[in-house]
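A.B. asks: Sequence:
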Amino acid sequence: MKLFSKLLSKTDVRKRLSIPMKIFVSFPRFKVGHTLDLKVKDESGSLWLFRLCIRKNYLKPVFSKGWCKFVQSKNLKVGDKVKFYKEEDEASGAQFKIKAKKPVKIFGVVFGYAKA
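For the sequence shown, counting from 1, position 22 maps to 19 in my numbering; every step adds exactly one.
Certain hints may be false.
Claimed, not checked - Here are the computed lysine-lysine pairs in the DSBU-like style, where the Cα-Cα straight-line distance is at most 35 angstroms:
{"hint": "1", "residue 1": "K36", "residue 2": "K96"}
{"hint": "2", "residue 1": "K96", "residue 2": "K74"}
{"hint": "3", "residue 1": "K3", "residue 2": "K98"}
{"hint": "4", "residue 1": "K112", "residue 2": "K66"}
{"hint": "5", "residue 1": "K53", "residue 2": "K83"}
{"hint": "6", "residue 1": "K78", "residue 2": "K36"}
{"hint": "7", "residue 1": "K7", "residue 2": "K78"}
{"hint": "8", "residue 1": "K12", "residue 2": "K80"}
{"hint": "9", "residue 1": "K99", "residue 2": "K62"}
{"hint": "10", "residue 1": "K83", "residue 2": "K94"}
{"hint": "11", "residue 1": "K112", "residue 2": "K78"}
{"hint": "12", "residue 1": "K53", "residue 2": "K19"}
{"hint": "13", "residue 1": "K19", "residue 2": "K38"}
{"hint": "14", "residue 1": "K(-1)", "residue 2": "K98"}
{"hint": "15", "residue 1": "K112", "residue 2": "K102"}
{"hint": "16", "residue 1": "K7", "residue 2": "K80"}
{"hint": "17", "residue 1": "K98", "residue 2": "K57"}
{"hint": "18", "residue 1": "K66", "residue 2": "K99"}
{"hint": "19", "residue 1": "K53", "residue 2": "K96"}
{"hint": "20", "residue 1": "K102", "residue 2": "K28"}
{"hint": "21", "residue 1": "K102", "residue 2": "K53"}
{"hint": "22", "residue 1": "K28", "residue 2": "K96"}
{"hint": "23", "residue 1": "K94", "residue 2": "K112"}
{"hint": "24", "residue 1": "K74", "residue 2": "K3"}
{"hint": "25", "residue 1": "K12", "residue 2": "K102"}
{"hint": "26", "residue 1": "K102", "residue 2": "K36"}
{"hint": "27", "residue 1": "K(-1)", "residue 2": "K36"}
The hints are simulated quantities; they were obtained by calculation from the structure and are not laboratory data.
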């Protein structure tokens, strides 16, 4: 099930990925504090560890720790797109997946997105 897709902003690429509040309920509950380390698999099968957190003064959830390493690995830039999924598995529970996409442009016009 697709949770969200997002065109990356400058902040998303340089610091953290802000996550829509409406899908926050799709993530496991925090056991202690305001953070949760989440295992996320990309299209190539690589496993990433993203820290999901809620900042104290700003209640919008973000991926912080681990996110910039993913961005650098995929060479993501402002305007690229990420899609985030949750798959339920009876044996292993919820699994989270991410797809990174780069715009396909012809004469400066975006015609779609291809795997990053």
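A.B. asks: Take the hints in turn and mark each one as holding or not.
C.D. replies: So, going through the hints one by one against the coordinates:
1. K36 x K96: It holds: about 14 angstroms lies between the C-alpha atoms, which stays within 35 angstroms.
2. K96 x K74: Roughly 14 angstroms separates the two Cα atoms, so the pair holds.
3. K3 x K98: holds, 10 angstroms
4. K112 x K66: holds, 18 angstroms
5. K53 x K83: Since the Cα atoms of K53 and K83 sit roughly 26 angstroms apart, the hinted pair holds (cutoff 35 angstroms).
6. K78 x K36: holds, 20 angstroms
7. K7 x K78: Given that 35 angstroms is the threshold and the Cα spacing comes to 12 angstroms, the pair holds.
8. K12 x K80: Since the Cα atoms of K12 and K80 sit roughly 18 angstroms apart, the hinted pair holds (cutoff 35 angstroms).
9. K99 x K62: Distance ~23 angstroms between K99 and K62 Cα, so the pair holds.
10. K83 x K94: holds, 6 angstroms
11. K112 x K78: holds, 10 angstroms
12. K53 x K19: OK: K53 and K19 at ~18 angstroms, within 35 angstroms.
13. K19 x K38: holds, 22 angstroms
14. K(-1) x K98: With a Cα-Cα distance of about 15 angstroms, the restraint between K(-1) and K98 holds, given a limit of 35 angstroms.
15. K112 x K102: holds, 14 angstroms
16. K7 x K80: holds, 17 angstroms
17. K98 x K57: holds, 24 angstroms
18. K66 x K99: Cα-Cα ~17 angstroms, so holds.
19. K53 x K96: holds, 29 angstroms
20. K102 x K28: violated, 44 angstroms
21. K102 x K53: Distance ~40 angstroms between K102 and K53 Cα, so the pair is violated.
22. K28 x K96: Given that 35 angstroms is the threshold and the Cα spacing comes to 27 angstroms, the pair holds.
23. K94 x K112: holds, 14 angstroms
24. K74 x K3: holds, 12 angstroms
25. K12 x K102: holds, 26 angstroms
26. K102 x K36: Given pair K102, K36 holds - Cα atoms ~32 angstroms apart, limit 35 angstroms.
27. K(-1) x K36: holds, 16 angstroms
In summary, the numbered hints that this structure violates are 20 and 21.
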